[in-house]
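So you can see what is in the structure, the chains are spelled out below.
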Amino acid sequence: MKPKKYKKAIQSDIGKSNFFEWYKKNFFIPLAFKKRVAISNAKAAICVYLPLNIFTIAMMIFGSNVIGVVEREIYFGGLAFLSLLGLVHALMILTLNKMPAFIRDSIGVYGMAFALVFSIYDMYTSSMYVNGLLVLIITCLLTIIIIRVEPTIFTVMLLVPAAIMLPKYMHEYGRDLFTNSTIIFTVFILLAYLERKRFVKNMRQERRLIDATRKAREADRAKSSFLARMSHEIRSPINAVLGLDEMILRESSEEPIRQYAEEIRSSGRTLLSVINDVLDFSRIESGRMELYPVEFDTATVLNDVHSMIVPRGRDKGLEMILNVNPDIPHILYGDEVRIRQIATNILTNAVKYTDKGSVTTNVDFVKINENHIDIKISVTDTGRGIREEDMDALVKPYARLDEQSINHIEGTGLGISICVQLLKLMDSELKVESVYGMGSTFSFEIPLEVRDWTPISEFSGKIQNENLAKKKHDAYRVSFTAPEAKLLAVDDIPINLTVFTNLLKETKMQIDTALSGNECLAKAAQTDYDIILLDHMMPDMDGVETMYRLRTSEDMNYKSTPIIVVTANAITGMRENYLREGFTDYISKPIDTENLEKILIQYLPPQKVTLCEEAATTQEKEITEDDYICSLVEEDGSFALEEAVSMLGGRELYGKVFKEFRDTIDYRAEKIEKLLTDGDIKNFTIEVHALKSSARMIGANDLSEHAKILEECGKNGEIEIIFGGAGELIEEYRGLGNKMSQIIEKAETEFREARGIFNLPEITENEIEEGLQVMKEAIEVFDFDVAMAVMESFAAHKLPTGFKSVYEKLKVLMAEVAREDITKVINDYLLLKSERESE
Amino acid sequence: MSYKIAFISNGKSFIVEAIAKGLAAERVESIFYNFNASEVESLSGQKMIVFLSLDDMVSKNKMLLSRINEMCSTEKMPLYIMGYAEDVASVKESINPKIISGEYKRPINTRNVVEGLMEGLGSVEKRTKKKIILLVDDSGTVLHAFKEILEPTYTVYMCNSGREVLTFLRGRRPDLILLDHEMPGMSGPETLAKIHENERVADIPVMFLTGKSDSDSVMQAIGEGPQGYLLKSMSSDQIMKRLEEFFESRY
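Chains as they are written, first to last, in the working numbering: chain A, 1 to 839; chain B, 1001 to 1251.
Pulled out of the complex, with its shape left as it was, chain A reads as follows (with noise of 0.2 angstroms):
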C-alpha cells in the first residue's frame, strides 16, 4: 500500500545521518524507480547532473586523446548539453520555487523525450528537416506517456542515445543551440500546460504524501507522550478521589454522608474501567498494545472471572452456569491480564444485555501437540440475541447496536472491539452467534502453552458452580502496625501525600512526604527510612532520575534500601522494566490500600512489623443474644436500625441499649402519665424531651417525632394540644414497649435454643444475698460494671419466686442507674430476709 512505501522513503530521508548512504540511494536510479520522490527532489537532481557536469567537462579536457576531436565533440558535447539542461532544471528548482512545479519538474522530463526521439529518428533518416513537424508530435505523444507511467525511468533511457545524437543533429544542420532550446521550451510549455491538472496532480499527491507521512511520524511519538502523560494525568485525581472517598468512609458513621461516599465509591470505580477501556483502546489503536504472557493457574482465573460476574448475574435474577473440563492442564502460559479482560468482558456483556434467563460458560481445551493446548471459551447466554445486519458493527469501536432500546444500558461501547484487538493479537478472533430474540454464543480460541499438564481436577474444590465471591470488607481493618518504621512518601500532588497518608494512618509507621526529588533527596539525607515511595512522574527530577541518586549517593545509604515506584502506567510488564531500572517494586494508581499494605508487610524490615489479628468474622465472633435482637429488628423493618446502629458505633451496642429503653418504659410511661395530671408542664416537657433522645437511640424514629412535637408544644405553652396528644404519645410509648417485649422474648429463646440453654442452674438463698450486698457496696461507689455483672449472674440462674420481682425492679433500676433507688430496694429485701430469718 502507498502509504508503507513512503513511510520507508520518508524513513530513509528523515533518518540519513550517513550522507553515502543517502546520496546513494538517490543517485542510482534503478533505486530511483521506486521512489518517485528522487527527481523532484532538488538535492538528488543536482547530485545526479552535477557528476554528469563534471565527468563531460573533465573529458572535454583531458579526453583528447582517448578519441578524435569530432567525436569528442559529438558524443562529450551531448553529455554536455544534457547535463547543462539538467543543471538548469536542478537550479530552477531551488532558485524559483515559486515556479509552478508542472513547468518546473516538465523541463527535464520533455527535453529527454525530445532528445531520445530525435536520436531514434536520427538512427533511421538523415532527414531531419522534412518531418520536423511529425517529430514534433512524436515527442509530446511520448512525453505525455513518460509523465502519466514514470517519469524517472525514461531519465535513463534518455540519456544515453539522446546524448549521442542530439548534438550530431545540431552539427549537421547547423541549427544552433539557442534557437533549438527555444522551440523545445515552447513546444514544451504547451504540452505542459495542456498536462498540468494531471501532472500537478501527481506532483501534489507525492508532496502531500510526504508531508503526510512525516506528520504521521511526529503524531505518532506525539501520541506515546500523549497517552503516558494522559494515563498519569487521569489517573492521578482518580486516585486522590478515591482515596479521599476511602478516607470518608473510614472516618464518618453518619448517615447520609456515608450513603454519599458509597455512591461515590461506586460511581469512581465504575469512572475507573471507563478510562481504563479507553486508555486500553488508545493504546491498541497505535498498535502500542503488547503480550506480556505468564504463567497462570487456570482454575483460579476462571474463578475468578466468573465468581465476579455471578453476583451482577444473581441480582438480575439469571442464573449463572459455569462449565470447565476438568481435565484442562493447571498451569498455562499466556497473557493472563488480558485472557481475564476478554472473558470479563464477555461475561459483562452477556449478563448486560441479558434479562431472563441463563448465561452459561464453557470452557473446553484440544491438545494440539506436546506442549500446546487450545483453549475455547464460549458464553452463551438466553439475551436479546444480536440481527445478521448487526454483526459487522458489533465489533466497531463506539458504536452500541439497537441504539433506541439499549438507551438503558451502561457502557462506552468498546468493550467488544477490545475483545477482537485483543484477540487478533493473539492470532485468534471472535465468533459470534445469536438468534435475534433468543440469545447468542459469544466464543474464541487461543493457542496456549502448556506448563503443567496436571488436569485441574486434582485440585478439587476450586471450581464450583456456587458463588466464591470473596467476602465483601465492609469495615477497614489494618493488617500491621509498625510504629517504628520510618517511611517517605514523594509525591509533587499535595493531595496525593495526604491521602497516602491517611490511608497508611491506621499502621502507625513514622511517614514523611516530600513534594519533590530535590526535597525527598534532603530528607532522605537526614533521616534513614526504612522504605521509600516515589511518584514515577514529577516535574524537574523524576522518580527514576531520584531514585538513581538515591541508590549511587555516597552519602546516604540507599543502595538496598527498598524503594517502590508509584505509577498511573500500570501495563504488565512493566515491573520488570522498572526493577531493571534499580526499583524494588511498584505500586499503580490508584493506590488500593490493601495491595499497599500487602507491599510495605513484604519490604518493611520485618522486626518493626507486627502483624494485626485478622478481623473476626461474624462466623468466629461469639453470637450473643444482642444479635438476635438485631436481626429480629431488621426484621420487624418499623425501626430505623441502620441509622441507630452508626450513632452508636456499631450493632453490639444497639442490642443493650434496645433492652435497656425497653426496661425503662413502664417506669417512665407512668411517670409522664402522672405529670399530666399534676399539670406538671415544665418536667413533663423535659420527660418528653428525654423520650425523643432515646427513641431515636433505638431507630424509633416516629416514637422520636411524636415526642418532638409534644416538647415543642410544651416549649410555647400550648397545652391543649399537649392533653389531645400525650395519650397518644402514651400509648404509641406502650405499644412500642409490647412489640420490643416480644422481640426480646423471641430474642433470647432462640439464643438460648441455640445455645442449647435450656435448663437454669438453681441459685441459692444465700448467694442472692451475697451477690446483693456485693452489689450494693459497688453502687455505693459507683461501680455499676461489677453490679451489672451480678445482674447477669442472677440472669443465668433460676430466680426463686419471692426474688423474681424484686430481680425485675433491679433491672429496671440499674437501666436507670437510679443509683439510690437501687440501695434502697436492695436494702429493704434484706431487712426483710433478716426479719423473716430471725422469726
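Worth flagging that the hints you see were computed from the coordinates, not collected in a lab.
Computed list of lysine-lysine pairs in DSS-like fashion (alpha-carbon distance at most 30 angstroms, straight line):
#, chain 1, residue 1, chain 2, residue 2
1, A, 798, A, 833
2, B, 1012, A, 798
3, A, 811, B, 1021
Chain A is fixed; fit chain B onto it per the hints.
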C-alpha cells in the same frame, strides 16, 4: 504475660468473678481455686499471682493461711488479699505483711483492683492511666449508650441526677464531667453552678450534653460557663474525636 492469677475464695464469689472479668478484658488469665487444703496445695510449683478473697471462714482457718504464707514466701509468689477491714487485720496474724503485695479493703472498686493487679504483673507497655469521665443524664438509656461508646478508651462513671454528682464528687475526682442540660430536679446549669460553688471541685472541666442543636440553645448553654458541649445527636466517632481533642489540649 507470663503470670496467671490464681483466685482463692470460699466458694463462688461475685466480686472475684467481676475482677476476673476485668482482667480478661486485659487478656490476663484467671484460674479459680476453692479455699481448701488440696486445691491450695496444687498451687505449689506454678508461677502464679495469688489473690485471696477473704471472708469469715477464710480468715479463721489459720492453718491454711500459714500454708499459703509459706508457699508464697518460699516460691516467691506475689500475694494479694481482699476483704473487710477486720478480716484483713486478722489474716495478717497468720500471713507476714511483708509478702503481701497489695491489700484491698471492701467496699472495693473492681477497676482499682484490676489496675493494681496489672501493675503488679508489670505490663510491658507503659499504660497511661485512663482518663475518668463522669456521665450525668436523667435517662438511663443515654447513660448506658454513652458508657459503651466511651468505655474502652476512658474510665466511665454514671450518675442519673445532679444531686448524685455532688455525692460522687465527694469520693472521687473525675477528669471531665459530661453533664446533661435538661434534667428534672436539679437541671444541668444548676448542677454546674453547684459544682462551681465548691472550691475543691470547681476546677474540674465540665461539658454539656444536649439534645438541642439549634444555635440559640447552644449559645445559651455555652454562656453558662462550661468548657464545651456535645450534642446527643453526634455520632460516636465525632464524640470520641471531640473528647480526644479536648484532652490533648489540656494535657
